[in-house]
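J.: Using the sequences plus the hints, can you model the full thing?
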Amino acid sequence: MVVFFDNNLKEEHMILARQNVVNLKKLQSQLGGLEKRPEIDELSKMIKIFQLYQAGQKEISTKLENLDSEFQVNYDYNPIHHMESRMKDMQSLLQKAERKGYALTAESIQKNIY
Numbered sequence: 110m111v112v113f114f115d116n117n118l119k120e121e122h123m124i125l126a127r128q129n130v131v132n133l134k135k136l137q138s139q140l141g142g143l144e145k146r147p148e149i150d151e152l153s154k155m156i157k158i159f160q161l162y163q164a165g166q167k168e169i170s171t172k173l174e175n176l177d178s179e180f181q182v183n184y185d186y187n188p189i190h191h192m193e194s195r196m197k198d199m200q201s202l203l204q205k206a207e208r209k210g211y212a213l214t215a216e217s218i219q220k221n222i223y
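Adding 109 to a residue's 1-based position in the sequence shown gives its number in our numbering.
Read the hints as simulated data drawn from the structure, not as lab findings. Backbone N, C-alpha and C fix where the C-beta goes; we use that ideal spot for every residue, glycine too. Possibly wrong hints are sitting among the right ones.
Said to hold, decoys possible - Mimicking EDC-like on lysine to aspartate or glutamate, the simulated pairs with C-alpha atoms at most 16 Å apart in a straight line are:
| hint | residue 1 | residue 2 |
| --- | --- | --- |
| 1 | 205 | 144 |
| 2 | 154 | 216 |
| 3 | 209 | 144 |
| 4 | 134 | 151 |
| 5 | 197 | 207 |
| 6 | 220 | 151 |
| 7 | 135 | 198 |
| 8 | 205 | 216 |
| 9 | 145 | 207 |
| 10 | 135 | 148 |
| 11 | 157 | 216 |
| 12 | 220 | 207 |
Said to hold, decoys possible - Per label pair, the in silico range of CB-to-CB distance:
| hint | residue 1 | residue 2 | range |
| --- | --- | --- | --- |
| 13 | 187 | 157 | 32 to 38 Å |
| 14 | 143 | 176 | 36 to 42 Å |
| 15 | 141 | 186 | 48 to 54 Å |
| 16 | 186 | 208 | 43 to 49 Å |
T.: Laid out in structure tokens, this is it:
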């Protein structure tokens with residue numbers, strides 16, 4: 110996110126950077142290195158779970174950012190010094206599951222990969 114102030118209009122503007130969204134067809138073509146490629150319906154389930162996890166991560170990050178701002182304004186104190194969030198991409202999750210010998214299914218990845 111980038112915040113800037115427009116002196117001409119005396120307004121503050123915010124630009125939100127979009128995260129990459131998983132594309133099913135693109136993902137399927139990237140999985141050529143896997144010995145056992147998951148079926149399209151399993152990939153679809155994995156993408157839905159992945160999107161749910163991303164939404165949860167964004168929600169928690171937003172709440173922490175708001176808490177940080179509140180402390181800066183109200184208490185002149187900042188208990189949070191640095192925030193960073195990340196998630197493995199789908200290709201990495203599938204490669205890790207294969208490396209560890211887990212089934213390449215949404216259920217198996219959700220249960221076994223942290």
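J.: Among the hints numbered above, which are violated by the structure, and what are their numbers in rising order?
T.: none
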